[in-house]
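So you can see what is in the structure, the chains are spelled out below.
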Amino acid sequence: MVLRTVNLSKRFGNRWAVADLNLAVESGQIFGFLGPNGAGKSTTIRMLLALIKPSRGTYEFFDQDARQLGIGVYRKIGALVEKPDFYLYLSAERNLKMLGELSGGVSSQRIDEVLEIVKLQDRASDKVKNYSHGMRQRLGIAQAILCDPELIILDEPTTGLDPVGIKEIRDLIVSLAHDFGKTIFLSSHLLHEVEQVCSHMAIIDNGKLVVQGAVHDLLKATDYFVTEIAVDDPERARTVLADEPRIRQITLTENTLKVQAAVEARPDLVERLVQNGLKVSAVIPRTSLEDYYLSLVQHSDGQ
Amino acid sequence: MILIFKATGLELIKIFSKWRTYIGFATITVLVPLIMGLVRRYGFGLEYEATRSLGNSFEFIGSLANGLLVSYYLMNVLWVHFPFFIMLVAGDVMASEGAAGTYRLWLTRPINRLQVVTSKFLATFGYTLAIVLFLGICSIGLGMLIVGGGDLFVFDKGILILSQSDALWRFLLAYLIAAWVQMTVASLAFMFSTWTSNSVGPIIGTYAVIMVSLIMAALKIGALEKIRPYLFVSYFDVFFMPFCDPIPWGDIGASLLKLTAFIALFFGLSVISFMRKDICT
Numbered sequence: 023m024v025l026r027t028v029n030l031s032k033r034f035g036n037r038w039a040v041a042d043l044n045l046a047v048e049s050g051q052i053f054g055f056l057g058p059n060g061a062g063k064s065t066t067i068r069m070l071l072a073l074i075k076p077s078r079g080t081y082e083f084f085d086q087d088a089r090q091l092g093i094g095v096y097r098k099i100g101a102l103v104e105k106p107d108f109y110l111y112l113s114a115e116r117n118l119k120m121l122g123e124l125s126g127g128v129s130s131q132r133i134d135e136v137l138e139i140v141k142l143q144d145r146a147s148d149k150v151k152n153y154s155h156g157m158r159q160r161l162g163i164a165q166a167i168l169c170d171p172e173l174i175i176l177d178e179p180t181t182g183l184d185p186v187g188i189k190e191i192r193d194l195i196v197s198l199a200h201d202f203g204k205t206i207f208l209s210s211h212l213l214h215e216v217e218q219v220c221s222h223m224a225i226i227d228n229g230k231l232v233v234q235g236a237v238h239d240l241l242k243a244t245d246y247f248v249t250e251i252a253v254d255d256p257e258r259a260r261t262v263l264a265d266e267p268r269i270r271q272i273t274l275t276e277n278t279l280k281v282q283a284a285v286e287a288r289p290d291l292v293e294r295l296v297q298n299g300l301k302v303s304a305v306i307p308r309t310s311l312e313d314y315y316l317s318l319v320q321h322s323d324g325q
Numbered sequence: 004m005i006l007i008f009k010a011t012g013l014e015l016i017k018i019f020s021k022w023r024t025y026i027g028f029a030t031i032t033v034l035v036p037l038i039m040g041l042v043r044r045y046g047f048g049l050e051y052e053a054t055r056s057l058g059n060s061f062e063f064i065g066s067l068a069n070g071l072l073v074s075y076y077l078m079n080v081l082w083v084h085f086p087f088f089i090m091l092v093a094g095d096v097m098a099s100e101g102a103a104g105t106y107r108l109w110l111t112r113p114i115n116r117l118q119v120v121t122s123k124f125l126a127t128f129g130y131t132l133a134i135v136l137f138l139g140i141c142s143i144g145l146g147m148l149i150v151g152g153g154d155l156f157v158f159d160k161g162i163l164i165l166s167q168s169d170a171l172w173r174f175l176l177a178y179l180i181a182a183w184v185q186m187t188v189a190s191l192a193f194m195f196s197t198w199t200s201n202s203v204g205p206i207i208g209t210y211a212v213i214m215v216s217l218i219m220a221a222l223k224i225g226a227l228e229k230i231r232p233y234l235f236v237s238y239f240d241v242f243f244m245p246f247c248d249p250i251p252w253g254d255i256g257a258s259l260l261k262l263t264a265f266i267a268l269f270f271g272l273s274v275i276s277f278m279r280k281d282i283c284t
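So the protein lines, in turn, are chains A and B.
With the numbering used here applied, the first sequence corresponds to residues 23 to 325, in that order.
With the numbering used here applied, the second sequence corresponds to residues 4 to 284, in that order.
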């Protein structure tokens with residue numbers, strides 16, 4: 023286990039920002055930590071990084087109590103907490119060099135490498151105050167991976183980025199996990215982000231854990247998979263499938279039929295459409311994490 | 004320990020990468036040659052003030068004014084004016100990181116908070132030492148260059164005439180002591196700086212404490228005598244002691260020890276505050 027929290031809690035005044043949180047993140051996972059704004063995501067991350075002290079509970083890194091590991095464990099952890107704030111009056115290179123020295127020193131070659139990974143090698147000597155938000159965000163990831171950590175904790179890394187920037191960061195996160203074998207703990211309030219990037223997730227609301235597990239399993243178990251089917255006559259297709267008991271919901275948008283049903287039902291549905299003389303040109307699986315998430319969060323609020 | 008030295012070096016880089024650090028150096032660079040030039044051109048008016056009380060007993064022929072005498076008088080800026088340059092940096096060292104959110108970067112590295120606060124404190128000391136010595140070197144160097152060298156006449160409960168070589172090493176000692184005095188100011192500003200995320204507050208706070216303390220130390224009211232030993236400004240004049248004859252080593256040592264106690268107190272409170280602080284910015 024790369025990261026585990028045991029009843030981790032933080033109280034600010036009379037309010038529990040995080041209450042009895044139990045998370046488990048295993049090696050190689052891209053773990054999405056999902057929740058609405060103010061749910062307690064950043065507070066949890068700040069506790070994990072010793073920026074704030076937990077009011078109760080413990081946390082472990084690499085199967086050892088963090089209190090026993092001491093600060094040395096942060097050599098194996100890279101983090102980007104909220105917005106990436108750097109020393110604006112220093113260059114990106116100088117910022118990374120300084121941070122590297124605190125971690126025991128990194129070579130100039132490694133600094134060049136990470137700047138290349140985040141595509142900032144051409145602006146390395148520019149002062150950070152001249153960087154755009156997206157560039158600072160990428161530099162934030164560069165400092166997180168600087169010392170080749172095993173675990174990378176990213177707190178809302180795509181906040182404030184344009185669509186191109188968001189895609190770049192997401193691709194980078196996936197690449198870090200798949201190409202470099204890193205474990206990623208990704209906090210986000212963006213459902214699509216978690217849906218597209220993460221293998222596992224936990225949903226937190228009002229400081230409490232609502233659910234956690236593999237994204238696929240969670241969606242599968244709750245039957246919230248959506249399949250988009252492109253057919254020549256969507257109206258008739260809807261009529262054909264109307265009495266199918268395994269379908270939870272059918273919606274029609276432009277020329278595409280959106281069918282909410284279990285994955286296992288897909289071949290039968292397509293076969294039924296074809297048998298009824300419809301021409302199926304595309305079957306696109308789409309999960310509907312948003313529906314799932316909202317149902318869980320609303321349920322949590324109801325309690 | 005190595006990490007603390009590394010971190011101190013990095014803190015010095017940060018301090019000397021900010022324009023506010025150079026306000027003090029720039030002011031000294033402009034002000035000292037200006038004063039020396041004016042003294043050379045128009046003479047040293049205070050010379051008359053200093054010799055007036057002794058005019059009946061001594062006959063002064065020529066001018067007593069030289070670069071060393073002007074430098075000696077310039078040391079008076081160390082009381083009230085010069086501390087501003089110290090506060091400007093020391094009050095910013097901790098607060099600016101809180102305001103900028105850069106603690107998140109620093110503290111998520113394998114360095115503990117005690118090491119962080121200690122390295123920042125040492126870097127603040129480095130700056131303080133640098134600017135005090137810069138004032139000393141500028142005022143003595145430029146004084147001798149522009150106004151000229153010679154014996155130093157110290158008028159304090161009589162006349163003490165110090166040869167140039169004797170005066171120079173006393174100046175060195177005086178400025179080293181002055182650096183320690185200014186470090187008391189720096190550590191107070193540093194402490195305030197750990198309590199806030201705005202560097203203006205520590206500057207105003209430190210200035211307020213110094214002004215109130217100086218007023219309390221200056222007022223000739225018997226009741227205030229009781230608290231005077233607990234005011235750190237009561238020991239500020241220690242940097243003039245090397246110009247006494249004989250040098251009161253015991254008094255210097257006692258004053259420095261008390262100032263050290265104040266520095267330790269302010270640093271200790273800074274450490275406690277920072278260790279317990281939740282980094283929420």
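There could be a bad hint or two in this list.
Unchecked claim - Away from chain A, derived, C-beta distances all over 12 angstroms, residues of chain B:
| id | residue |
| --- | --- |
| 1 | G12 |
| 2 | V83 |
| 3 | A103 |
| 4 | S122 |
| 5 | G161 |
| 6 | G256 |
Claimed, not checked - No farther apart than 27 angstroms at their CA atoms in a straight line, the calculated lysine-lysine pairs in the DSSO-like style are these:
| id | chain 1 | residue 1 | chain 2 | residue 2 |
| --- | --- | --- | --- | --- |
| 7 | A | K230 | B | K280 |
| 8 | B | K223 | A | K149 |
| 9 | A | K149 | B | K21 |
| 10 | B | K21 | A | K151 |
| 11 | B | K261 | B | K223 |
| 12 | B | K9 | A | K151 |
| 13 | B | K21 | A | K119 |
| 14 | A | K75 | B | K261 |
Hints are computed from structural coordinates only; laboratory data are not their basis.
The beta-carbon is built from N, C-alpha and C at its ideal position, and this holds for glycine as well.
Structure-based check of each hint:
no.: 1; hint: G12; verdict: violated, 8 angstroms
no.: 2; hint: V83; verdict: holds, 30 angstroms
no.: 3; hint: A103; verdict: violated, 5 angstroms
no.: 4; hint: S122; verdict: violated, 10 angstroms
no.: 5; hint: G161; verdict: holds, 52 angstroms
no.: 6; hint: G256; verdict: holds, 38 angstroms
no.: 7; hint: A/K230 x B/K280; verdict: holds, 24 angstroms
no.: 8; hint: B/K223 x A/K149; verdict: violated, 54 angstroms
no.: 9; hint: A/K149 x B/K21; verdict: holds, 13 angstroms
no.: 10; hint: B/K21 x A/K151; verdict: holds, 13 angstroms
no.: 11; hint: B/K261 x B/K223; verdict: holds, 22 angstroms
no.: 12; hint: B/K9 x A/K151; verdict: holds, 25 angstroms
no.: 13; hint: B/K21 x A/K119; verdict: holds, 18 angstroms
no.: 14; hint: A/K75 x B/K261; verdict: violated, 35 angstroms
The structure is inconsistent with the numbered hints 1, 3, 4, 8, 14, although it conforms to all the rest.
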